[in-house]
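Fit chain B to the known structure of chain A by using the hints.
Number of protein chains: 2
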Amino acid sequence: MLSRADENTYLGHYERKIKQSFDDIVPTLKRISAIQHEPDFEGHAQKIARDSLGFPMPEDVLKNAWVDQLDMRRLFAWCVFQVYVRFCDDFYSTAPTGAAEELAGFLQSCGFHSLDISPCADGRLAHVVRYVLRLSPRAVRRKSYAGALFDVEDSVQKWVQTELRRYREGKPNAADSATRYLKVVVYHFSSSDPEHQGCAAHGSNTEKAAQAGLEKLVSFREAIENGFCCGASIDLLLIGLDTDTDAIRIHVPNAAGEIVLERFIESAELYSKTFDMGRDQALKTIDTAIRVVEPDVADGMCRLVAKLIENNISQIDYVKENYGKTYPDIGHAERFVGAGIGFEDIQIRNLMYFSYLDTVEEGAADLDVGIKIFTGLNVKHGLPVPVVVRFDYHGHIPGGQQRAAQRCERVANALAQRYSSLYEKGLLHIMQVVRDCDSNESLQVLMCTAEQDEAGGH
Amino acid sequence: MLSRADENTYLGHYERKIKQSFDDIVPTLKRISAIQHEPDFEGHAQKIARDSLGFPMPEDVLKNAWVDQLDMRRLFAWCVFQVYVRFCDDFYSTAPTGAAEELAGFLQSCGFHSLDISPCADGRLAHVVRYVLRLSPRAVRRKSYAGALFDVEDSVQKWVQTELRRYREGKPNAADSATRYLKVVVYHFSSSDPEHQGCAAHGSNTEKAAQAGLEKLVSFREAIENGFCCGASIDLLLIGLDTDTDAIRIHVPNAAGEIVLERFIESAELYSKTFDMGRDQALKTIDTAIRVVEPDVADGMCRLVAKLIENNISQIDYVKENYGKTYPDIGHAERFVGAGIGFEDIQIRNLMYFSYLDTVEEGAADLDVGIKIFTGLNVKHGLPVPVVVRFDYHGHIPGGQQRAAQRCERVANALAQRYSSLYEKGLLHIMQVVRDCDSNESLQVLMCTAEQDEAGGH
Chain A
228 MLSRADENTY
238 LGHYERKIKQ
248 SFDDIVPTLK
258 RISAIQHEPD
268 FEGHAQKIAR
278 DSLGFPMPED
288 VLKNAWVDQL
298 DMRRLFAWCV
308 FQVYVRFCDD
318 FYSTAPTGAA
328 EELAGFLQSC
338 GFHSLDISPC
348 ADGRLAHVVR
358 YVLRLSPRAV
368 RRKSYAGALF
378 DVEDSVQKWV
388 QTELRRYREG
398 KPNAADSATR
408 YLKVVVYHFS
418 SSDPEHQGCA
428 AHGSNTEKAA
438 QAGLEKLVSF
448 REAIENGFCC
458 GASIDLLLIG
468 LDTDTDAIRI
478 HVPNAAGEIV
488 LERFIESAEL
498 YSKTFDMGRD
508 QALKTIDTAI
518 RVVEPDVADG
528 MCRLVAKLIE
538 NNISQIDYVK
548 ENYGKTYPDI
558 GHAERFVGAG
568 IGFEDIQIRN
578 LMYFSYLDTV
588 EEGAADLDVG
598 IKIFTGLNVK
608 HGLPVPVVVR
618 FDYHGHIPGG
628 QQRAAQRCER
638 VANALAQRYS
648 SLYEKGLLHI
658 MQVVRDCDSN
668 ESLQVLMCTA
678 EQDEAGGH
Chain B
228 MLSRADENTY
238 LGHYERKIKQ
248 SFDDIVPTLK
258 RISAIQHEPD
268 FEGHAQKIAR
278 DSLGFPMPED
288 VLKNAWVDQL
298 DMRRLFAWCV
308 FQVYVRFCDD
318 FYSTAPTGAA
328 EELAGFLQSC
338 GFHSLDISPC
348 ADGRLAHVVR
358 YVLRLSPRAV
368 RRKSYAGALF
378 DVEDSVQKWV
388 QTELRRYREG
398 KPNAADSATR
408 YLKVVVYHFS
418 SSDPEHQGCA
428 AHGSNTEKAA
438 QAGLEKLVSF
448 REAIENGFCC
458 GASIDLLLIG
468 LDTDTDAIRI
478 HVPNAAGEIV
488 LERFIESAEL
498 YSKTFDMGRD
508 QALKTIDTAI
518 RVVEPDVADG
528 MCRLVAKLIE
538 NNISQIDYVK
548 ENYGKTYPDI
558 GHAERFVGAG
568 IGFEDIQIRN
578 LMYFSYLDTV
588 EEGAADLDVG
598 IKIFTGLNVK
608 HGLPVPVVVR
618 FDYHGHIPGG
628 QQRAAQRCER
638 VANALAQRYS
648 SLYEKGLLHI
658 MQVVRDCDSN
668 ESLQVLMCTA
678 EQDEAGGH
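The listed protein sequences derive, respectively, from chains A and B. Be aware that the first sequence starts at 228, since it is given in the numbering used here, and climbs by one per residue. Be aware that the second sequence starts at 228, since it is given in the numbering used here, and climbs by one per residue.
Bound-form chain A, shown alone (with noise of 0.2 Å):
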């Protein structure tokens, strides 16, 4: 039995209490509305909403709301940006992120000095670095993009900059380590539902979603080796989600570096044949089943791999544990978007839909299928769909902070044009934030269309 018990139950208390406060949201409101127009609705309104989310609504909502109603599509809003706001600055102090420097050397030792992995951006895969595969985010650089359909060029840019700083500062390793950056795509499908809950952007359909996951790792190690000479070259790895169970299938590569579809072990088959054994045999037999995929795989992709089937036996147990068969929420349940760059602490499955974008132009795609998903979730129910515009900076680098700002309006500006038709009518509110990534500060809230218009819209 390789699961791990004790990570799991502090990682299942981390992720209950986090739900649980977005779950809050609902239930409270509904009390609240039912009370708007009884005397001593304010006082009354406020001593629930703190019971029960533990911080008071803007009172300037309650004071109108014998005028006309509560407006609670905004309140709504607000409250689910504000239960981010308190969760992400959690997250910098008492999240669990794992053993940042214990990964970075086990890659290196693996032949690996970088691990850049682009999980679909749907919400059922935002857990895939923390909970499905139990790595620290702290060591991994994670992008996602509807249908994992990562863009080319952003990764070559990152390869760029990690072999300058390998020859610049020696860090994470000499440029002359025989080490190379690994390049992650994470597809997904439903075990259960698979023609309906897979991937949209791939009409749901298993093969395709591993295929364009495949070309698009192939189109980046064309773009490295014939782009940059003197053999510069990366590695690959392809990762089929099921997002049912958090079982993973995992794509082995031969010693070349080469993919074949077909060639893949199952993690859940491993879960079920290790269960009985002790760790020893069971690592063996995850070797084993390895090199019988593919008997040429490189040594120590081979001890990545059985380490990624290894972590994720215990994620497999976790939502059995949990939550019986496969999850109860095996749609998506997102709730709300986030667009921008930055995110690190969204590691909580069906939290947020990201959108990792530095334009609405380029990013429509992505956005248009959030929009979708967050139509079909709470705009039909009448809520607004909640996006929270981000942007990380350097804090150490002048003008960086300036320039986030600047994104963040720019591009808030573009969404409320883009989708102005739900944005009019109040179904879309927005709010922008920036971070010092460098620091473990909180983040700044600069503008929230949640907040009443006299006092926020600055």
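The reader is advised that the hints may include incorrect statements.
Identical copies carry no separate label here, and so any pair may be met within one copy or between two of them.
In silico SDA-like cross-links for lysine to any residue, where the CA-CA straight-line distance does not exceed 25 Å [said to hold, decoys possible]:
1) K385 with I568
2) K290 with A592
3) K547 with L510
4) K290 with V253
5) K607 with G622
6) K244 with N453
7) K398 with S363
8) K652 with Q388
9) K607 with G551
10) K385 with G458
These are calculated hints, taken from the structure and not from any lab test. Note that the structure is predicted; figures quoted are calculated from it, not measured.
Just chain B, lined up with the frame of chain A:
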């Protein structure tokens, strides 16, 4: 007398040839317009077109003239695009691009392994590299921005690429060579009408333009120094251009790289001073003048500044010879807008307003300035704004062409949306082109709104 007569003759011939081919469009179209209801109109019109412009008009447009009347807006845009495509193809075979290797060697001898120039996007600075400073475009990076307010992150990215190439490939020189990346800003002003014909982005205020340029330069250096360790830094240079005469002022930095706005030398003054001198004495005079302005100037920087002054003296002479005291077109007279990445071929004054951009969302401020300029130049006379959307790509990277084509389409759509009132009236025409910048091949025209709907629009 330092002016190089032969070079001036050569450059003059090239400039006149290009300008003339654009200037022939309106008279030719007027002649064609005048005969549009005459018998044998089509044959007659095609003869006029071939004789005056060197190419025939699109048959469909002529054929339909009898029904209503000639769509002159479409025809005008079509001709501008045709001339541009021909000009551009010509550039890569016959244009005077100067000696790139010689320049690279000279720059390194002065202590610079990379020369990255950001002039204002104003068309009156489009010839700054090849004409005003007499440098080879092949050995210089040029990215134009309204007000010369370049994007710091974009420049940081270029710095990272440049430095990695030095480490990995030893190009243009080894990473341990004692040379630095030099960033140059060129702002501009008008000596004969300073309050109206200066830089629009800075309210035609020369001091503001210089100050803003300096601030950007310092921000870039701070981003390098704070964003990277181990003594990373760059060198800076600030140049002002008098767009009436093409004379320059150079703000000479001291040995610590600091620039004081008040300390500059003017090429116009040195032009007069050295006019009757022999070459050696003239060069000595320039060197002395630089050291008087900044006694603490570094030797390499002093040599570069001296070379730029010497080169610019030829340009001052060129303007005097060809146009007299000032250019006849001291204001805007651009023929089209160029948006995207590329346009190395544009080294001619007042030909193109350049909007260097990845997205309309980020480039909106620059584009708005361009559209405003062309509203005065074209729209108020009933003529459309011709916009060439162009993305160059590296042909040896698989998928590069396809990605460039996608960017073209995205930007063209965003343009049509942002300026929809012009677009819908046929007052904005867009041609989408890509080019493999690793080859000497022609532009590939992907789409052109000035083609007939039947033929184009694909």
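Hint-by-hint comparison with the structure:
| no. | hint | result |
| --- | --- | --- |
| 1 | K385 with I568 | both (14 Å within a copy, 20 Å between copies) |
| 2 | K290 with A592 | neither (40 Å within a copy, 41 Å between copies) |
| 3 | K547 with L510 | within (21 Å within a copy, 83 Å between copies) |
| 4 | K290 with V253 | within (20 Å within a copy, 66 Å between copies) |
| 5 | K607 with G622 | neither (41 Å within a copy, 47 Å between copies) |
| 6 | K244 with N453 | neither (48 Å within a copy, 38 Å between copies) |
| 7 | K398 with S363 | within (18 Å within a copy, 37 Å between copies) |
| 8 | K652 with Q388 | neither (43 Å within a copy, 46 Å between copies) |
| 9 | K607 with G551 | neither (30 Å within a copy, 70 Å between copies) |
| 10 | K385 with G458 | both (18 Å within a copy, 22 Å between copies) |
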